[in-house]
Amino acid sequence: MRARRLAALGLLAPLLGAAEPVGQDEKILAAMRSELSRSTTELVLPGAPKPYYVGYWVVDSSERSVEATLGAVVSDETSRDRAVKVEVRVGTPESDNSNFAGNLAADGDFVREAELISPTPAPLDDDDLGVRRALWLATDGAYKGAVEVLERKRAAKRSEVASKTDVPSFSTEKPATTIEHDAPKLAAGGDPAALARKVSAVFRSFPEVQRSDVHVLETTTKKRFVSSEGSSAVETAVFAGVEVTCSGQAEDGMPLERTAFVAAKIGEPIPEAAALSEAKRIGKELVELVHAPLVEDYAGPVLFEGKAAAQLVYELLGEALSGTPAPEGNEELEGPLARKLGRRVLPKGFTVFDDPTLRTWQGAPLLGAYLVDDEGMPSTRAPLVDDGRLTGFLMSRTPREGVLHSNGHGRSGLVGWAHGRVGNLFVEAKGGLPRSELRRRLARAAKDEGESAALVITELEPRTTATSGDIVPGAQVAYRIGADGKETLVRGAQIADLSVRDLRDVLATGSERALYGFLAESQGGLDVGVSVVAPSLLLEDVEVRGQKSPNKRAPVVPKPPMDPAPAK
Amino acid sequence: MPRRAPPGTSPFVALCALVLAACGGSSSPVRSAEGTAPLPAAPKRLDLTRPEASGGAPEAPLLAALREELARNVAELGKQGKDAPYFVSYESIDESTVVVDGSFGALSSSTADRSRSLDVDVRVGDHRLDSTHRLRGDWDATRDFTRAAWLPVEDDRDAIKTVAWLTTHAEYERALEDLLKVRANKQILVEEEDDSDDFSAEPVATFREAPVTLDVDRAAWEAKVRAYSAPFSKHPELLESKVTLQASAETRFLVTSEGASVQLGRTHARFEVMASTTADDGERLERLETVDVPLVSGLPDDRTAFELVTRVIDDLLALRKAPPVEPYAGPAILDGRAAGVFFHEIFGHRAEGHRQKDEEEGQTFSHVVGQRVMPAFLNVFDDPTVSSLNGIPLNGYYPVDDEAIVGKRAALIDRGVLTGFLMSRSPAKGFPRSNGHGRREHGHRVVSRQANLVVDPDQTTSPEALKRRLLEEVLRQKLPYGLRFHEITGGYTNTTRYGSQAFKVLPVMVYRIYPDGREELVRGVDLEGTPLAALARIEAAGNDFEVFNGVCGAESGWVPVSASSPSILLGQIEVTRKEKSHDRPPLLPAPPAAAPTGGTP
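In order, the protein sequence lines correspond to chains A and B. Position one of the first sequence corresponds to residue 1 (this note's numbering), numbered consecutively onward. Position one of the second sequence corresponds to residue 1 (this note's numbering), numbered consecutively onward.
Chain B with its partners taken away, still in its complex shape:
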């Protein structure tokens, strides 16, 4: 399956990369750094589209079967007295996926899959303390996972119910065992710092969209990926190339013992162009361009697709010739998408609610609610109900989350002050309710996750003014050049107390900007840092909003997300040379394009 998360990856939170074309658009004058003149204001354009709720569809046969079996299990288990579960939910994802890959002008693979997953959650105990309570000093990673099952893809109620019944049995027995461990753990250890409940009481959602189906002309796409990947063959320096269509239609079915009834349809299509090469010193270079849209019909036309291919080729050839970066400390501009990834990693993951009460966590922000953590011109929120930003579709859109809670805008930073967290139904001190950010991939337990993170400055300036300010700083600090990060394909961050509280992002396209305005591409850049220091050094923001669409992997698996931001100016960053592999490039040149058929060349 695509997007399958490797098990046991808990403490490190990775953002897998993927990108999209963007666009731009502020008001009051931009705050000035110490002793410098204010930047001229340039108006911003931030249009957020929130689709009309389209619930109200009839109950599909699968949802009905799950509802009935849930009711039967809850009634029977209800006879178990104090061992009866107080909450049970069934979630199934009916997913159809088509993946078509081409490489150097030939078809590499073409697959169509259909599956119906089932996740059963059973809680015993009560809202105050239940079987899911975090065990301190326990490293049993299996607690992040459900006993995942696969349902028939055909609507045979009896067969569906039998699988649901056995899965409920397995989860119920585990919940009973877990509750015993939780109670023992509580007795032995000192009191927890955050004594919040394990599960919030919330209003029940009934929201049903019509199921969705997948409509892709596979044969046509097989021809397209052959054609789009053909230009890579002209460049023997390229070791790998891949053009991919990934299209999916998933209908999510969710019923709970509290009476929730949810059916959500989501279609998604992604177009990827990837190629790689090695520099003469052995550094592996890879470039990836991605377009994410809701429907296959919205994917790039031939002209745009070939432009992306050309961009990947041109960038890689330029990277091969680019000098390796040298250690640098000084100011830098992060372009919009790069800034989106930066905020996703260093801020977003630390604003996830469940981390605030987990004592294994670093809790960077747990005790600074109401305090300033960023410059006062910045606002940050996360809003799953937004389907597009300035016309660009957002990957993290959903009306209802995986705990049957209606998605809501979560205000995280208001004028630089930390005001809230991303909340699932696992409350944290001062935040007793969910804001609809409980998410998971099939097979995992729900935790709070990002959806559509948006950095929304009160003061914006033009990208040109941002660059001028960067160069002023370069001169002031007597540096030979400044840096501009154009493309960051992802990153990861450690939020736990073990190891340093650092983040790391993976920059691909980074430029030196010289005082005369000239830009020079460099390769092998490693950008690391500590979150609070980095956030405090944001000096200004542009008015050029861009969207980074991708999938994000963490405890609860891989989930689609977006991160949107205008370009930002950081007063001080440190970069180092990436540790490079010592692999030599291939000893022989690529096979010649005009290969003789048979015999010795």
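Chain A extracted, bound-state conformation:
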């Protein structure tokens, strides 16, 4: 009901296995196949081609979402939804209605087209006719839209002066059947409201915290898929986690925020002790930040340590590694790695791959795990960078020059066309240094540059959209390391102009790696889970500026007095 980061129809952390679908699934799958059969044999607009591909999803999701502040529940909602999503392709796999943006400015076609392949509601009851009815109407709309887009796409191609290379629109893949045998379940007996109250009550003891919010979310999502190629899939994903946010203001009015995120392992309860200690940690950090000095402008070596390194990797590489070409007619939108296949993009000794089939890393859950992607393709490990050279992309079934097959990374959050996207991204580097040595290396590099101090960033501001942008988020936690080795927490550090190219100039890496996981809101607001594992990165030349935006003053009225114990 309100803006929230965790709101999810998560496609998260499935368990692998193989067995026959039973009971309820079989009934729904049968209804899907009945309608699929009608759509592929009978559906036709006079004078237009029939669909050559139809894919159906029926997705059930249930959610419990509790928000609390200062020990009191603000909202507690339970919901259950079922939606269908339909993908219709007309034309031929060589050239169909997909990946065409048309004239964005003129008529907003892109939006309309995305709507045509977005979920529409279906009955909650296991009513085969209800499911078929929802698929019937969604297919009708998607097919008519597809015919119209194909015509416009062909017209646009005819009017182009130079013809481009002939990359097909849709890859040819072997049909796959992916059925889970042991659907994961949420841990029974948890009390999300009690947890939200308890964790949020932590902030009653922090007078400097102005606003605090705890959001506990538990979701179960079951996806069912059938396609006209004969593929089918059933996959259940569960997620349980808590997000904690607190904010306040420095004396000069600068707004400050800290967030923490604790996810449960599959089938286990959200670890209360970890959630409480995370809440206390960010509360303390916020207090320190409130009293910390503003960072001084700086240009020189910066160490992205721990979580900040994983965040930076996602910012710079996440979208760039997508192999989905820019929509036809919008080639100027191509990413910075688009023409780098086979070339060096990272220092020697770096390996990068994405593996959604892994469910945990060092005991922690990986949020980007899934069995099948949003095109029904089984997920696979995708090699991306080998010894610093770009060897592959995150591929959906939309091919690109030189890469003609999917590697199971077509993700859409169920809204719009699937797009090659990060699942669990791993960065490895040879010759990593222990933390203390890495810091000494930083100090030496700073001294070589003639700087009297160096900068370590341990956490960036959280990102909530799946698509990483041109601007690297600011640092939430950064330390100035003096010539004497003394660490001072600083606030307001903004990072200027970093790009993928800057990663070629990594001076050193850490021997330990850190995990960063989050639920990224996709275009339509449905979330995709993402995890990144990366070593600390020492970058040679980073420009950091102190935030100078005009700040709002702190409240004139003092905060109300607070009893450390919440009301009964």
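It is worth saying that the hints were derived from the structure and are not from the lab. Fair warning: there could be bad hints in the mix.
Below, a list of computed lysine to aspartate or glutamate pairs in the EDC-like style, where the Cα atoms sit at most 16 Å apart [stated by the list, open to error]:
no. : chain 1 : residue 1 : chain 2 : residue 2
1   : B       : K224      : A       : D125
2   : B       : K429      : B       : E191
3   : A       : K552      : B       : E177
4   : B       : K578      : B       : E528
Reference listing, derived: stretches of chain B covered by chain A, where coverage requires no fewer than 3 residues with Cβ under 8 Å from a Cβ of chain A [to be verified]:
no. : segment
5   : 69-82
6   : 99-108
7   : 156-168
8   : 326-339
Idealized CB from N, CA, C, for every residue including glycine.
Let chain A serve as the given structure and place chain B on it in line with the hints.
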């Protein structure tokens, strides 16, 4: 949340539709049109129920917490000298809602929500000129909105106070900024035509009802919506169907720096039956029936519910076969509910007090107070204190408005003469005081709004006499037929100076009436016009009062309203063919009801 208004919809004022069954009941002979015989009088029955005031309940913990925090903030901000606010109010709505939807015999959704909203209003300056003053030439729509917040739904005073404190801070800082802009705006521009104060001085209301709770058997209603929506499955022509229960209990808490202390409990239940189809030429057809009552227990029984479903199905099947309307200019009858919507759109919105001094507004009625704007047999008033009309519950009932002003009957038209406006605490020239019509939805700033609009003619006739007069006119004007508007599901109107000062209503069930008395349903009717011309052409009124219950969206969000009227005869209207979509109906027929489970059909 249900009834959430899209932001930034200011200039267009929309009435969202919803209906109810009605009933009927006049005296002196009806005024005659030029050169025609007077219509026979038929007595009217207009029984208005005004509940006994039930204030006097103790202060709930939430109200106490808000009162204390308000007092603390006002005291602290009072130290800011000339920057101190002169008025602060906190309004919270504790709302529980249950929504259960069924479609074609299956459950589509079932939700239960609970929330406590908070709206803080802070005014700096003084009653004469303050931070809320309308900025001329300014299109910052955010000024219509408050910095809405959500309070804990649990009675933790400290937590509640902390949220109220931060929200007050945000509104106070904005008020200071706004006052600077207001003063600059005043200096630069010519003097305003209406130099009224920004905020009226009013007596403070203390009125506390007991908080209300929601009592709904969700499981039972899930079964009901499945059963009620099942008959739609028998009609493959229908594309959508929906049967909905919407039940809510809201307790409104309001405290102000002037000492007001208000607690209002309101329960509401709505039953909706909706279905849609397309005509062969692609026109989308939709039919909606709604019942609004205060309590779930007052909703239709099974028999009545199935009758509504049957009516929706029958009407849609008839509409599919009905001919598209052809352009027409001539006389028409508006049945009671349709007339209610018509008055709500073309008159009600233009009688809202804040529009009279806003120079962006068309001000249709601002300068005609004391002048005749309708025929002399018509009276129109708006009365929030009426809970039912001829036994039909009215959606716009409230004892106290969102500015802690006791709701009062506002006389708007007296024997055709404009006598007043719907007033909030924002005065207009000649109208310095509120009449308790300051309303809003959570997250918006208060403006004057309609509550229960009632068209009350002095002369009424029977519906049959009205129809006879229509046919006399048809013959006199040598027209092939006249029109009867039975069902209008809503409409919208532009009250600003930008664009034409027109209204548009959305007629659904419209009939041609032929000289032999035969009626024929038509579809695709668009009814547009200009307000003054339309009002001047009301020729006569029936004695058959009906009530239109709905929610109305405008600058201050969506608020529950009603509009009641008997049927009326308009001497001249113009209709055109509605612009229709070019979407084809679905290419394949609906999936067969006896669907095989698996394999190819």
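Open item on the list: For each hint given before, does the structure comply? Return the numbers of the non-compliant ones in rising order.
Closed with: Checked against the structure, the only hint that fails is number 8, while the rest are satisfied.
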